[in-house]
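Please work from the sequences and hints to get the whole structure.
The primary structure of each chain is shown beneath.
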Amino acid sequence: MTASGAKDRFLPAALGIGSLFFFVALLELLIRVGIINRFIVPMPSDIIAAFPRVVIEEHVLQRFLLTAGEAFSASILVAIVGVAGGVVLHRYHLLRLATETWVAAIAAAPLVLMYPLYLVIFGRSALTIVMMGFTAGLAPVILKTLEGLLATRRVLINVGKSFNLTRSQQFWKILFPAALPTIFVGLRLGLIFALINIVGVEFLINFGGLGQLINELAERYDLAGTYAAICFVILVSIGVFLFTERLERWLRPVD
Amino acid sequence: MVETRGLSLPAARSWALPLRPVTALRAAIILGLGVIWQAISASGWLYRDVVPSLLTIGSALYAILSDPTFYFHLGTTAYEIAIAMVIGGLSGLAVGLLLGGSRLLSRAYEAYLYYLGPCPKIIFFPIMIMWFGVGPGSKVAMGAISCFFPVALNIAGGMREIDKVLIRVGRSFRANTWQMVTKIYLPAMRHPVINGVRLGLGVALIGTLLAETKLSNRGIGFLVIQAYSIFNMPQMYALLIILFVIAIGANALIGQLGGLDDIKAS
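Residue numbers (our numbering), protein chains in the order written: chain A, 824 to 1078; chain B, 966 to 1231.
If you are wondering where the hints come from, they were derived from the structure by calculation, not from laboratory data.
One thing to keep in mind: the hints can contain errors.
[To be verified] Chain B side only, calculated, beta carbon under 10 Å to chain A, not exhaustive:
1. Y1077
2. I1087
3. M1095
[Stated by the list, open to error] Derived lysine to any residue pairs resembling SDA-like cross-links, with alpha carbons at most 25 Å apart:
4. K1129/B <-> P835/A
5. K1148/B <-> F1138/B
6. K996/A <-> V982/A
7. K1129/B <-> D831/A
8. K1129/B <-> L1070/B
9. K1129/B <-> R832/A
10. K1129/B <-> K1148/B
11. K984/A <-> F999/A
12. K996/A <-> E1071/A
By construction, the Cβ of each residue, glycine as well, lies at the ideal position given by its N, Cα and C atoms.
So, in structure tokens, the structure goes:
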């Protein structure tokens, strides 16, 4: 690697990380000298110090596993129903013409606002949270599955026909493998939507894992703990996002 | 022109043919769902009042729409979302232009926005309450935070897609920064801007309304959670219908105004 290449690569990263550290240090200084009220914004050093306490005393691992379990359950439901829905819409042309715009409209609707309705139907339980995640993640999976199946190259379908494949063989040997990368994009979007809504509803109904932790700490006015918990949720979200992004790249063929 | 007409005709014919069956199927689906709903409502399989009859929901919808206090709450929510859109949209626009205009800044900071974007924004609500109080300020802040990310990322991405020739033309005319932004950048990236605003509006609406359901004494979100707390299910269904119609309608309207449908069609 040339010196200019290394500089070109590392300078932006150094600038980004450096700015972050500078901002944190500036914040610490402004709070220490009293320009920013420490009862509104806790010192970054206090937030960092609160991390071990929050992790141990608030049972973050168990809460994380609970949220992850809810997200996993919702994702399984989203994958099964969403992919099946996309396949049905692909199979029945008239049904697709009649309902595709509806599914797209549902994807744009603020579905999370239905959480009080779900509270009434499913009670204040994990089922409400899972169903909310499922509802939020369903539409993108249906749409992406449909998109992937519709985008299958004509030549591949013709090859299948020339081999006299049955409808089932045509689907499993040609259509589904060809659509898989796009389906995975939908699954990734569905998982992210589900996770956002799951943590959000946990926070709103004060039940479950990480979302509830933030709500509880905020209600106790544990400022440093609240900020630490928020940072933890952000880190988890970024981790999930990165993981699914890597997985998607691995699945996607090189363009 | 002739070629365009030649291409568009078969497409128009293929869409025109299934129009009647599609409409009939849509009507059948709506009718079928209505019948199923009504049957569940009458059967009592679910808890009483959880699935009210369609007539009851219709009555609640009429009662809400003819109640002047509803418009006060609607106005409050609309005001909060509008302010949130202005703050979040303009700051997103400024940051997007900065990141899109500089390769160094983009590579240094855009990843942070990209990865923070999909985080559940509602978790910032306790902080917003501490910073801006329990009034409309914290709801506006929630909407603004939600709106900021899609607008900034869309504009940064859109700016990188601008034809370099247009930028060179602007520079050759010695346009200053303001002129470059207003005469070159923004007109050239109309679609990413509109798309960003459309996405931003959707998430600002969610952020503001969720904040209202959590802690507020006014706004549509407050009405929804109030209907839940007094177990007024017809009112809750009616409010959700109104919300979805507004959200989907606004989304479609912005898309049409910005010519996003033309992009899809082309």
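Status of each hint after checking the structure:
no., hint, in the structure
1, Y1077, "holds (7 Å)"
2, I1087, "holds (4 Å)"
3, M1095, "holds (5 Å)"
4, K1129/B <-> P835/A, "holds (23 Å)"
5, K1148/B <-> F1138/B, "holds (11 Å)"
6, K996/A <-> V982/A, "holds (11 Å)"
7, K1129/B <-> D831/A, "holds (22 Å)"
8, K1129/B <-> L1070/B, "holds (19 Å)"
9, K1129/B <-> R832/A, "holds (24 Å)"
10, K1129/B <-> K1148/B, "holds (14 Å)"
11, K984/A <-> F999/A, "holds (15 Å)"
12, K996/A <-> E1071/A, "holds (21 Å)"
In terms of the numbered hints stated before, the structure departs from none.
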